[in-house]
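Read top to bottom, the protein sequences are chains A and B. First residue of the first sequence? That's 1 in our numbering, and the numbers climb one at a time after it. First residue of the second sequence? That's 1001 in our numbering, and the numbers climb one at a time after it.
I should point out that these hints are in silico values taken from the structure, not numbers from a laboratory. A hint or two may mislead.
[Stated by the list, open to error] Straight line, CA to CA, 35 Å or less: simulated DSBU-like cross-link-like pairs of lysine-lysine: (1) Lys1821/B - Lys71/A; (2) Lys1845/B - Lys1808/B; (3) Lys1362/B - Lys71/A; (4) Lys305/A - Lys1357/B; (5) Lys205/A - Lys1470/B; (6) Lys1357/B - Lys205/A; (7) Lys1441/B - Lys28/A; (8) Lys28/A - Lys1470/B; (9) Lys1393/B - Lys1281/B; (10) Lys1763/B - Lys28/A; (11) Lys305/A - Lys1365/B; (12) Lys1565/B - Lys71/A; (13) Lys1824/B - Lys71/A; (14) Lys261/A - Lys247/A; (15) Lys305/A - Lys1824/B; (16) Lys1869/B - Lys71/A.
Bear in mind the structure is a predicted one, so any value in this text is a computation, not a measurement.
So you can see what is in the structure, the chains are spelled out below.
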Amino acid sequence: MGKYVLKRIGLAFLTTFIILSLTFILVKLLPFQRPIGGDQQQIAYFDKQFHLGYVFRFEQEAPQYGTLLYKSPTEKGRAYYYYQVPVMEQYTNWLKNIVLHWDWGYSKTFQPNVAASVIIMSRIGYSMRLNIISAVLSVPLGILLGIWAALKKNTVTDHTISTLVMICVSIPSFVLISFVLRIFSYGLGWLPSTWPPDTAATSVKVQGYIIPVFCLCFNPICGYCRTVRAELCEVMESDYLLLARTKGLTRRQAIVRHALKNAMVPIFPSILAEFIFIMGGSMILESLYGIPGIGRLFVLSLNYKDYDILFVDMAIFTTINLLAGVVLDLSYGFIDPRIRMGAKK
Amino acid sequence: MKKTIAILLSLIMVLGMVVACAKPATEAPKTEEPKAAEAPKAEEPKKEEAPKATEEPKATEEPLAPWDGAYMDRDDYKAYVKNDLDVVMAAIEDQLEDDTYAAVKAAREDAEKAIDGAATLAEVRAAYEAGFKAIAECIPLADGLYTYKKESNAERTNVLGILENYAVTKGITGITLFENGGYTMYNPRVTLGTENYIVGYGFGVLAEGAITADLEYETNEAWKRYYHICETSDPGTLNYYNDQGSQVGDLFSYQGASFYTNFMNETKDGYDWVPELAKEKPVAVNDEDGDGMATTWRWEIRTGAADGLKYTTGSEMESRQAFNNREVALEDYLTPFKMLLTQANSLYRGSEQANTKSGAIKGAKEYYQGTADGPNDELWANVGLKAYEENGKNYFEVTFVEEQTQFYCMYYISSSLYMPLPQEFVDLVTVKNIFGYNTDKTETPVDNALSLGAYYLERYDQDQQIVYKKNPNYVYADTKYAIEGIHDKIFPAAQEDTSAVLNEFLAGHFDASGIPQEYLNEYRNDPRTRTRTGTSNFKLNVNATNAETWEYLFGEEGVVTQTPKDSYWELKPCMANHHFIQALSYSIDRLSFAVSRGRVPSVDYLASNYMSDPENGLSYAVTEAHKKAIANLIEDTDGYGYSLELARDYFRMALTELEADGAYAPGTKENPTEIKFEIAWMYPTDEEDYHNEIKNFIETAFNDESVCGGVYKLAIEFWVGNTWSDVYYNKLMPGQYDLGFGAISGNSLDPIGFVSVLSSDQKISNSFTLNWGTDTNDPEAYPIVYKNMRWSFDALYNAVNAQGIVAKGQNKAAVAFNYTKMVKNEDGSYTGSMEMVPALPALTKITPTAVVCCNYERYKLGDGQYDEKEVEFTVENKDGGVVVVTFTVPAELAADYATGSGTSEKPSGLTGFDFYYDQDLDGSQSTGLYYSVQEDYFEVPAAQ
């Protein structure tokens, strides 16, 4: 088992490495973008790129470095020639810095000169708090709603819950937030319309969680509800539950002791899956609600073409998701003893 | 129940009738156009239509031959052609002396007679061309050395009007759609400095305004009276010295101070330039000729010791607190210049300052180039910047490369980039981190900033808020900037949702907001709404090149870009027809287009904030010169250049000419000839917002059967970029477009300098030419007349901005060079020659001083070392001031350089020459000038 776990974790890191390497190379292969303007603007821009290490600057032509990006006039008919640093050279330097110095690079445009890892660490707390609160709240609510629907199977209550769930599960969080903002922030004025700054009063900061957490919970709650209802209904019609009842257990005892326990087998792994889903959803939601988390940072680093931040952010997301996948796989074994991970036939 | 069935049946019947009525209309559409706009019959004059020019009586008594024009009858065509001549006359008559005017008038009358007497389309066109040429030839071409840089603002505005008129008439300004002004809503708690927007200044919200009530939404008591606004993204730094955009500069200005600033005038209808860190306006040091221009200027400045000027910081770090209330020292004024101009600091704005041509500071470029490894005191001594004490007063002195007026000296030096800084503070926070975060974010911009401006940085919460507090140490703290602070919320939702800021404003969270298009009708007339003008005019730039011009500019050997044959742009012949471009321009209803988007409708090239008199805040848009320049563009239109009638007439005129030229052949009503062209948009949102409406304007105007009987059909496609620069690099710059959307903003205080981008000469436009098709250095293309002389656009532009060396109306370089390739002599030496031809022989004396042979083989292909050696030469003076320099390269030197002094692995003999000379141009001496020749070859010695 231990060997299997180690193997899975190793594979997760290998996958992360491959994803990051591919991302790095593909991003760096994007065409080099020059600024608009005459020589004054061009020289300023290319000197800057040179000092950042993105381009070479030679006093003579160097066709071995590929396409000439820009030739700046200097004195006496001489010129500076600018070429892009080869992608693979950038890649090996990048890898070397991570492996040898745990140096993930520096922000170039988003927060110039600040270490990319520092930027991530200063923001990860916002995202994690939001995601964990959403995940924690959605589980009991979703399960309770599912149980209620299952117990009231084929009644008005069940139909109402199921219909609402079917409708609500189709609404993405970033659409939902527009409605919620319009009603509770701009309409009733009960809740903040944007993420309160760190300087705000604690009560305001707490209120600031309500809208994003609600929007992030909304889909998982519906998901849990559907799964729990389906599983519980199936279990409740099973022979062993009938046997339990014939043995003299009350309906409540039969449900709590036997039905719920078995119905939960596929629910627990799905909690992790929903957590991954929440993280993905928070990427857009953070931008819309102005939450200074790593999801929004991912979008910003793409917009700013600040690739060192992008790569660290990508590494965090990929690692969390892949490790969550490993935990998900392992959790099956713990929840259902019939499943054995990595066991040889 | 019966009643319900009866109602249902009635409804079905009504529906049936509606469908029945609608059906034939779908099959055979009938236009609702007024009769006047219907297709004119070929031989009948269209009395209903009102041609632009007054119809003249026919001069001929003979019956005319049958008219061969396709879509316009003879009299109308002639009237429009004569109107074209009237436009020329209107543009030039003010500038003509009596004799010339008489000759021009006579030529105009002759032309009119010839046009009236012409029978066929070809004859009319020939009569027009001949008349146009005759009018132009009456006016002498400018020839000589001219400079109008020192003329008054009023005179320079007149010249700008002349240049604008040319640009508008030739279509090189593009088709303007709107100005980016619009509406802003202000919270009633904000008292504006003025209710009427001041062009180039604004409403004076911060400097002259006030806040009279608390913002309830704000939970921090101390900030309730701060001015609450938002940024759509976090700039990440406030380091203006190293930033390329405008956001950081705008934020920096809250805490920055400069030598001079602007405040609203007493009558609240303009603004004044007032000293801020300075104590007086600049005084010329070397205005020897008393013309008000000088290269060196000085002015008294404020310091801590003499005037109590002190720094402020919001940082609580002990090391930073030492600078709070620290007095400004005299030498602090030089610190920002040194920091910026030291290349090793790699500051974007420093590089820009060092390489600028406008307002360049003497020695700045040389200092920048010599400081790749760090500051250099020896070079700094040659930089034209000084701060010194004299007779107990403190002065700052600047020496520019070129002479400046007092105003432009103030303008160029009044940047908050030049706010004094103590060198110790720069050393403490480091150049890399100044006004930003440090590497591990233990220091924020609050810790790494100092303020001398109206506000200082109070908080910087990453991606949340930037907060400024009123600076008690500010020079005008007691009389200006009554608002206690600024709360700038980082509000990314505004990027995703155009109404997000307005929603926040309406909820009482922000103090100001623009109005998105969908809310215009609701809030346009709201009492909280104010109207403002814009800073840029957005246009459809035109590619009016013909095949020959396109090949010259963008072909395989193009002078602008080089395009492979298989990527040549498919030129549309209609785009090169001037009347077609006029038709497009008249077809766009700018008023409805702009107003529905909360923009300002405009037909102008320059936005309203461009100043005719920058010192007094007079907008060029309100001057007579401008009104005259665009008169023809708006005459007989809705005031914004829209007229369906004119659009259709010019379209008919264009089709008539294009068919006669064989460019197009008419189709049939069922199968019309399709004229396809493309509009390139900057962003996908531009395409979504604008394309369909523009397409609709054009297609509605021209595809109607009444216009040309339905035998032509315009089809407009689109191309869209991902980023704003795509349209420039992929479309406009390489000539790969028909119409391209975009705008450029220039120095709003120097509009006559900004028309440089209209030139087809890349050196003048600084590679910013967006509209192609006209050679702006051809004085014959269209008469630009100033002071009774005919000029090319480029020639007059240079004369009014610097010095125009003009030969036969064209802009010229002072000296042209004709190089004759070297020949090898029997003794192994080489002989070559260079002919130096002055543009103005009577005014120019050329004295060659040296010929230098350059070892390019070694520099470019060898070990990279640069060496050069002077060689012997002889000078022969010829007629017309021509100087021929004959030089000889000794055999030994040629053999050495041919191999790159032995450092080149595969020597090719690459070499070059610098020809040094002194020039006397009308008494103005220039020494050390040179002209370089490259890519000539020595023969590589056989032994190699």
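- prompt: Has the given pair, Lys1362/B with Lys71/A, been kept, meaning a C-alpha gap of at most 35 Å?
  reply: 25 Å, holds
query: Are Lys1393/B and Lys1281/B close enough, with their CA atoms no more than 35 Å apart?
result: 15 Å, holds
- request: Given the hint that Lys1824/B pairs with Lys71/A, test it: the Cα-Cα distance must not exceed 35 Å.
  value: 33 Å, holds
message: Lys1441/B and Lys28/A were given as a pair; does the straight-line alpha-carbon distance stay at or below 35 Å?
response: 27 Å, holds
query: Is Lys305/A close enough to Lys1824/B, meaning Cα to Cα at most 35 Å?
result: 55 Å, violated
message: With the threshold set at 35 Å, check whether the alpha-carbon distance from Lys1845/B to Lys1808/B stays at or below it.
response: Given that 35 Å is the threshold and the Cα spacing comes to 20 Å, the pair holds.
field: Agreement of Lys1357/B and Lys205/A with the hint, judged by alpha carbon distance not exceeding 35 Å
entry: 52 Å, violated
message: Would the hint linking Lys261/A and Lys247/A be met if the CA-CA limit is 35 Å?
response: With Cα atoms ~18 Å apart, Lys261/A and Lys247/A stay inside 35 Å; holds.
query: Are Lys1869/B and Lys71/A close enough, with their CA atoms no more than 35 Å apart?
result: 26 Å, holds
query: Is the straight-line distance between the alpha-carbon of Lys305/A and that of Lys1365/B 35 Å or less?
result: Holds, because 30 Å separates the two Cα atoms, which is no more than 35 Å.
message: Need the status of pair Lys1565/B, Lys71/A: alpha-carbon distance at most 35 Å?
response: Holds - the C-alpha atoms of Lys71/A and Lys1565/B are around 24 Å apart, at most 35 Å.
query: Does Lys71/A lie within 35 Å of Lys1821/B when you go C-alpha to C-alpha?
result: 26 Å, holds
Hints 6, 8 and 15 from the earlier list are contradicted by this structure; the remaining hints agree with it.
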